[in-house]
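Visitor: Top to bottom, those sequences are chains A and B.
Residue numbering for the first sequence follows our numbering, starting at 1 and increasing by one per position.
Residue numbering for the second sequence follows our numbering, starting at 1 and increasing by one per position.
Hints are supplied without guarantee of correctness; some may be wrong.
Some chain B residues close to chain A (C-beta under 10 angstroms, calculated; not the full set) [what the hints assert, rightly or not]:
# : residue
1 : Gly-84
2 : Met-85
3 : Val-108
4 : Arg-156
Hints listed in this document are in silico derivations from the structure and should not be mistaken for laboratory results.
Note that beta-carbon positions come from the ideal geometry of N, C-alpha and C, so glycine has one too.
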Amino acid sequence: MTAAQLTAQELTDRAGLVPFGPKPRRTSAGRIGIYAFLIVASLFFLIPVYIMIVTSLKGMPEIRLGHLFNFPVEPTFQPWADAWLHACTGRDCNGLSPGFYNSVKITVPSVAISIICASINGYALTFWPYKGANLLFGLLVFGAFVPYQVVIYPLIIGLSSVGLFATLPGIIIVHTIFGMPILTLLFRNFYAALPVELFKAARVDGAGFWRIFFSIMLPMSVPITVVAVILQVTGIWNDFLFGIVFAGRSNWPMTVQLNNIVNTTTGVREYNVNMAATILTAAVPLIIYFVSGRWFVRGIAAGAVKG
Amino acid sequence: MDMAENGTSVSIQELSLNFGAVSVLKTLNLDVAEGEFIVLLGPSGCGKSTLLNCVAGLLDISEGRIFIKGKNVTWEEPKDRGIGMVFQSYALYPQMTVEKNLSFGLRVAGLPKDEIAKRIARASEILQIEPLLQRKPAALSGGQRQRVAIGRALVRDVDVFLFDEPLSNLDAKLRSELRVEIKLLHRKLQNTMIYVTHDQIEAMTLADRIAVMKGGVIQQLDAPQTIYNRPVNRFVAGFLGSPAMNFIDGRLEKDKGDWHFTVEDVRIPLSTYAFEKEPVPGPAVFGIRPEHVAFNSGTGWPFTADATVEVVEPMGSDTLVWLKLGKQNFTVRVTSERTPRNADAVSIGFDPMRASLFDAQTGSRL
Numbered sequence: 001m002t003a004a005q006l007t008a009q010e011l012t013d014r015a016g017l018v019p020f021g022p023k024p025r026r027t028s029a030g031r032i033g034i035y036a037f038l039i040v041a042s043l044f045f046l047i048p049v050y051i052m053i054v055t056s057l058k059g060m061p062e063i064r065l066g067h068l069f070n071f072p073v074e075p076t077f078q079p080w081a082d083a084w085l086h087a088c089t090g091r092d093c094n095g096l097s098p099g100f101y102n103s104v105k106i107t108v109p110s111v112a113i114s115i116i117c118a119s120i121n122g123y124a125l126t127f128w129p130y131k132g133a134n135l136l137f138g139l140l141v142f143g144a145f146v147p148y149q150v151v152i153y154p155l156i157i158g159l160s161s162v163g164l165f166a167t168l169p170g171i172i173i174v175h176t177i178f179g180m181p182i183l184t185l186l187f188r189n190f191y192a193a194l195p196v197e198l199f200k201a202a203r204v205d206g207a208g209f210w211r212i213f214f215s216i217m218l219p220m221s222v223p224i225t226v227v228a229v230i231l232q233v234t235g236i237w238n239d240f241l242f243g244i245v246f247a248g249r250s251n252w253p254m255t256v257q258l259n260n261i262v263n264t265t266t267g268v269r270e271y272n273v274n275m276a277a278t279i280l281t282a283a284v285p286l287i288i289y290f291v292s293g294r295w296f297v298r299g300i301a302a303g304a305v306k307g
Numbered sequence: 001m002d003m004a005e006n007g008t009s010v011s012i013q014e015l016s017l018n019f020g021a022v023s024v025l026k027t028l029n030l031d032v033a034e035g036e037f038i039v040l041l042g043p044s045g046c047g048k049s050t051l052l053n054c055v056a057g058l059l060d061i062s063e064g065r066i067f068i069k070g071k072n073v074t075w076e077e078p079k080d081r082g083i084g085m086v087f088q089s090y091a092l093y094p095q096m097t098v099e100k101n102l103s104f105g106l107r108v109a110g111l112p113k114d115e116i117a118k119r120i121a122r123a124s125e126i127l128q129i130e131p132l133l134q135r136k137p138a139a140l141s142g143g144q145r146q147r148v149a150i151g152r153a154l155v156r157d158v159d160v161f162l163f164d165e166p167l168s169n170l171d172a173k174l175r176s177e178l179r180v181e182i183k184l185l186h187r188k189l190q191n192t193m194i195y196v197t198h199d200q201i202e203a204m205t206l207a208d209r210i211a212v213m214k215g216g217v218i219q220q221l222d223a224p225q226t227i228y229n230r231p232v233n234r235f236v237a238g239f240l241g242s243p244a245m246n247f248i249d250g251r252l253e254k255d256k257g258d259w260h261f262t263v264e265d266v267r268i269p270l271s272t273y274a275f276e277k278e279p280v281p282g283p284a285v286f287g288i289r290p291e292h293v294a295f296n297s298g299t300g301w302p303f304t305a306d307a308t309v310e311v312v313e314p315m316g317s318d319t320l321v322w323l324k325l326g327k328q329n330f331t332v333r334v335t336s337e338r339t340p341r342n343a344d345a346v347s348i349g350f351d352p353m354r355a356s357l358f359d360a361q362t363g364s365r366l
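Please put together the full structure from these sequences, using the hints given.
Guide: So, in structure tokens, the structure goes:
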């Protein structure tokens with residue numbers, strides 16, 4: 001008892017020197033430096049965004065004055081409406097909206113099909129290993145490192161021989177194929193981290209391949225599915241190369257449409273419309289990131305730890 | 001051949017399992033009687049869990065046959081073998097409530113709703129998990145989870161229960177509680193149970209017979225007391241018992257018609273020891289359990305010797321004393337009242353009748 005009191009006394013005497021009670025807050029030079037760097041870095045990356053937004057809200061006469069950083073004197077949303085409805089690509093002046101709908105038509109089925117296939121792949125590779133399963137998995141992973149440009153020409157030949165080149169199903173197939181390596185890897189690692197006894201218990205309970213997949217594995221796969229959705233939506237939405245090559249003129253996605261609007265050579269270059277169109281195109285992946293960023297990190301961590 | 005006739009529940013015949021070039025189980029034979037509680041005991045990697053998985057049908061075997069209730073199930077699916085299995089990690093389906101966990105197998109089998117309800121009611125009553133039925137596994141404690149896992153095997157109304165280290169994930173107190181519950185459950189259901197563990201206390205307390213395994217081979221299959229008192233080889237002797245049996249390397253010698261075990265200047269007479277086979281003079285290992293050695297108890301023992309105390313470990317109910325007998329290390333278990341102090345000179349005595357002698361080379365019992 002006496003000893004304890006003594007130490008307590010000692011501690012009050014030397015407060016701040018011996019750990020006792022809550023940890024004191026410290027502001028060190030290093031910490032200030034880190035925050036200063038972070039703020040400067042984020043400002044650096046936000047400047048282009050700022051310029052895009054203010055420019056898109058200015059009229060052309062105001063832009064011609066050349067004050068890039070100035071706030072719009074007479075803010076107008078006309079460029080946004082023009083970008084969406086009236087901007088011209090060559091002779092068509094329908095704005096970006098057809099491209100948006102095309103992108104939706106490409107992205108939704110591509111994301112759905114690739115995730116369904118990849119989750120079944122990952123499940124089968126983890127729990128129902130067959131002869132050559134590891135080789136197949138190795139080849140799939142290898143596929144993740146093949147540069148896209150290399151396979152474009154063979155793919156064009158292949159798809160046109162079955163009449164799918166420059167069609168909506170064609171571009172969906174291409175996106176599904178190219179999503180497969182990384183998505184399978186993601187799902188396989190996720191399932192490999194689950195206790196294998198769960199699978200054994202289900203087998204003893206009499207469940208088969210599909211029953212185990214739908215009743216037990218799929219309900220547990222929500223976090224990794226969210227990750228896969230984010231990866232695929234952003235990847236496919238932002239895609240330009242496959243879109244311009246495989247989709248065909250009538251199905252060109254938003255990115256291709258945007259490029260055509262911005263690179264139109266006739267008439268005056270409407271910077272405000274171009275800026276608005278760019279922001280509109282980038283909006284979908286941005287919104288997805290903001291809404292589900294938390295899930296993304298969690299799912300990636302869940303899938304990446306073991307494998 | 002009808003297995004059920006002679007009361008055999010599970011019969012494993014000439015079973016081998018190889019993973020590539022590695023042989024995990026080696027032509028193994030095991031007959032489990034109807035209603036018997038068999039414990040497969042061994043260190044990690046001895047193949048005990050693998051054997052259980054083979055019986056369950058979760059691993060395809062390389063050679064041999066498995067009969068359950070007289071039916072050759074060697075190539076049957078797990079669900080058709082009449083087995084229920086309980087896993088170490090519980091393996092409850094995390095997205096389902098306890099009730100759905102219990103009924104999953106029955107729903108897969110397409111049983112009528114009222115039958116499912118009846119079976120769940122019975123199982124949850126036996127295991128006292130009625131209040132938990134609507135909870136998810138995440139909201140249960142470890143002991144409750146394992147009870148649900150046992151319930152999942154129970155509702156399937158199977159002939160054979162397979163337990164794969166079911167208590168290893170629980171803390172010591174819960175483990176001993178559930179151990180008793182499993183024993184009571186066995187008494188109540190009278191099912192055949194095969195239970196895998198590396199815990200010798202579980203094995204000793206639960207088993208009708210223990211199969212001690214090492215390197216994919218059953219070393220000894222016998223009643224717990226027999227295995228404890230008359231181990232067939234040095235591995236079994238050393239694996240069972242805590243603290244472990246004392247082993248002394250020495251020589252077996254015959255002197256005027258009497259056998260002796262000698263090490264340095266110590267001579268242990270073996271007139272009371274029951275030899276398994278005709279002894280031959282030569283190197284041997286003498287083993288005696290710490291509790292079979294008497295301490296400072298005067299004369300009257302076939303063998304007595306003086307020793308010095310090295311370390312004393314009080315364990316509550318009794319005390320473990322580490323001694324030096326000549327150059328040999330030696331442990332003795334004594335009651336707490338008789339605890340000596342460090343560096344005391346003491347005398348010990350024992351009856352070689354209680355000891356085990358092993359061949360120095362093969363390790364088998366002499």
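Visitor: Please go over all the hints and tell whether each is borne out by the structure.
Guide: The hints, checked one at a time:
1. Restraint check, Gly-84/B versus chain A: the minimum CB separation of about 7 angstroms is within 10 angstroms; hint holds.
2. A hinted interface residue such as Met-85/B counts as satisfied when its beta carbon comes closer than 10 angstroms to some beta carbon of chain A; here the least separation is about 5 angstroms, so the hint holds.
3. A least Cβ separation of about 5 angstroms between Val-108/B and chain A falls short of the 10 angstroms threshold, and the interface hint therefore holds.
4. For Arg-156/B, the suggested interface contact is upheld, since its CB lies about 8 angstroms from the closest CB of chain A, less than 10 angstroms.
Violated hints are absent here; each numbered hint is respected by the structure.
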